[in-house]
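**Student:** Residues per chain, in single letters:
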Amino acid sequence: MAQVNQAPDSKAPAAGAAIAADGLVFAYGERRALDGVSFAIQKGEKHGFLGPNGSGKSTLFKLLSTLVPLQQGRVTMLGLDLAREAAAIRRKLGVVFQSPAVDKKLTVRENLHYGGLLLGLGGASLRARCDEMLAAANLGDRAADLVGELSGGLRRRVEIAKCLLGQPELVLLDEASTGLDPAARRDLWTVLKAIPGLTVVFTTHLMDEAAEADRLTLLDQGKVVAAGAPAALMREVGGQVLDLEATDAAALANELQRELGVTARVLDGALRLDGERVHELVPAIVQRFGARVLRLSLAHPSLQDVFLLRTGKRFVVTEPDPAPKKGRRRKS
Amino acid sequence: MKAVLALWHREIVRFLRDRSRLTGSLLQPVIFWLLFSGALHGSFKPGGMDYGQYFFVGTLAMITLFTAIFSTITVIEDRKEGFLQGVLVSPVPRSAIALGKILGGASLGMGLAVLFLLLAPLAGVPLELDRVLLGLGVLALLSIAVTGLGFSLAWVMDSTAGYHGIMMVFLMPMLLLSGAFFPMQDSHWLLAWVRHVNPMTYGVGALRHALQGEAPGIPSFAVCLLGTALFAVATFALGTFVVTRRSARDAV
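Residue numbers (this note's numbering), protein chains in the order written: chain A, 1 to 332; chain B, 1001 to 1252.
Be aware that a few hints might be false.
Not close to chain B: a few residues of chain A, all C-beta gaps over 10 Å, as computed [to be verified]: (1) V25; (2) Q98; (3) G115; (4) A184; (5) D208; (6) A251; (7) A253; (8) L267; (9) V278; (10) H279.
One-sided and incomplete, this derived list gives chain B residues near chain A with beta-carbon spacing under 8 Å [claimed, not checked]: (11) L1005; (12) A1006; (13) R1010; (14) R1014; (15) F1083; (16) V1089; (17) P1091; (18) S1095; (19) P1121.
Keep in mind the hints are simulated off the structure, nothing from the lab.
Since the model is a prediction, treat every value here as computed from it, not as a measurement.
Ideal Cβ positions, reconstructed from N, Cα and C, are used throughout, including at glycine.
All chains should be built: construct the whole structure from the sequences, respecting the hints.
**Tutor:** Structure follows, in structure tokens:
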């Protein structure tokens, strides 16, 4: 079952860390959305938070973006204390939310302009900065269009341009690549990675995007279940993963144990075997049980397998959390 | 200050781009005024005054209130659509958010009321400079007061439907029982009591004193002016208070 990763890199705080969090607890009434979360993110790091719906990653994002007050635990961001210096943190922060924080009734340029004024910019320098960001986000020819008339992907680009307008040291992205096609997602990361020293913290439900992170923290039910570089995490699973779909999975698991001496886990009616030499079992399985096997697949472990190893549960990939229901808003 | 200006300016720009808001904020009260004053012209003369004249001041108050409602309801839309989150995580002090939004809505209310004020001679209300200046001062206070009230309500509301409900059971009765539509001094004791605690009474009264010089059956100009100023200060403070409370509800 779930075990909390106690690898040294998951502990907080650390010198030179962009974010150091220690023992975060956040509850909506009785329900703990975050339950003792600790992590450290180095400056310049691209750090992803991966977890299924309800894992606590959205709540964590709201805490880090200073939207909700800290309930328990300690967070230092860019050398500032989140509980006492939220206003100072906001000056160094760029945030992109899951639901676009752009005004659809204003043009692209107006959105950037107002965004800049809220950051305390103004005059010629703001105009120049807007031009620069419009060019960087490839929005130059859409500057006079109303944001409401743009596609979802373009709106997201407006928002990212707005987020980078104030030259933040730390960027927080909440499922920011949602609604972007793969090319636009690559563009987003190209823009972000081109900014030297920028720390990017993102939440995602997309495995391939998570794999792009320098380091990842996997969350489940408000707890850290694994942390580390994606490749290192996948190596932990070891070897390869063999998935079997069979007409009678439980019975087949028993027979595999009896006849081949291997232990298979039954997950959602299918069987899973993992290990260094698991591929060597394939001929024997096909020979002895081939008629009962509906599907057999052999693959290198993925982040989903890491999640499975740590929690004993499948990482069910779903769309990001829908817009929060109004009834849940009063739970603080 | 830049942030206040940005939020104020955004209110004005959005209003000018949204024709339906112009209809709701200005045309609806004007239509009310035309219909009521036309229908009651010969039969209802409050304080001996032609009803068109009497209701003219009430219509001004109605314009400020309706503009405030349509302006502050956008707080709920901003929250739903995510724009507000972007503002909340910016370095802007939260009090500046209240200030920008309230001043924006109040400026719109004031601007539309001034447009309507130009029709005063048609209603038999003479436009004398000193009275107009006094009237503008009262309108400014009243606009801030009702926008502050609308903002505070909208900030704590979850849905525009809920806000419409509040409008019908709270804000409209406030206007109806303020003396805007009909004199209240001879009403049922309960309503007469409500009239005294209703801050709109003082706003409408001050406006009547300022523009018409006479306001039978309502408190003195000084009392009305003080009441309106207190109304503005109180709702402005309330708006600032609700916006500066940081809680988990801001997260969505």
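**Student:** With 8 Å as the cut and Cβ atoms as the points, is P1091 of chain B at the interface with chain A?
**Tutor:** Hint holds; P1091 of chain B Cβ to chain A Cβ min 4 Å, cut 8 Å.
**Student:** Holds or violated: R1014 of chain B as interface residue toward chain A, Cβ cutoff 8 Å?
**Tutor:** Where the cut-off is 8 Å and the nearest Cβ of chain A is about 5 Å from R1014 of chain B, the hint holds.
**Student:** Hey, does L267 of chain A actually stay past 10 Å from chain B on C-beta?
**Tutor:** Per Cβ check, L267 of chain A is outside 10 Å of chain B; nearest 34 Å; holds.
**Student:** Is it the case that A184 of chain A keeps its Cβ farther than 10 Å from each residue Cβ in chain B?
**Tutor:** The assertion about A184 of chain A holds, with a minimum of 19 Å to chain B.
**Student:** Against chain B, does D208 of chain A keep a CB gap of more than 10 Å to every residue?
**Tutor:** It holds; D208 of chain A is separated from chain B by about 25 Å at its closest Cβ, greater than 10 Å.
**Student:** Please verify that hint: V1089 of chain B, Cβ, nearest Cβ of chain A, below 8 Å or not.
**Tutor:** holds, 5 Å
**Student:** Would you say Q98 of chain A is clear of chain B, with no C-beta pair closer than or equal to 10 Å?
**Tutor:** violated, 8 Å
**Student:** Go through the hint on P1121 of chain B and say holds or violated, using the shortest Cβ distance to chain A against 8 Å.
**Tutor:** violated, 36 Å
**Student:** Does R1010 of chain B meet its interface restraint, that is, does its C-beta lie within less than 8 Å of any C-beta in chain A?
**Tutor:** Holds: closest Cβ of chain A sits about 6 Å from R1010 of chain B, inside 8 Å.
**Student:** Is the nearest Cβ of chain B still more than 10 Å from the Cβ of G115 of chain A?
**Tutor:** Non-interface label fails for G115 of chain A: nearest chain B Cβ at 7 Å, not farther than 10 Å.
**Student:** H279 of chain A: least C-beta distance to chain B exceeds 10 Å?
**Tutor:** holds, 47 Å
**Student:** Please settle this one: V278 of chain A was flagged as non-interface, so is its CB more than 10 Å from every CB on chain B?
**Tutor:** holds, 44 Å
The structure is inconsistent with the numbered hints 2, 3, 18 and 19, although it conforms to all the rest.
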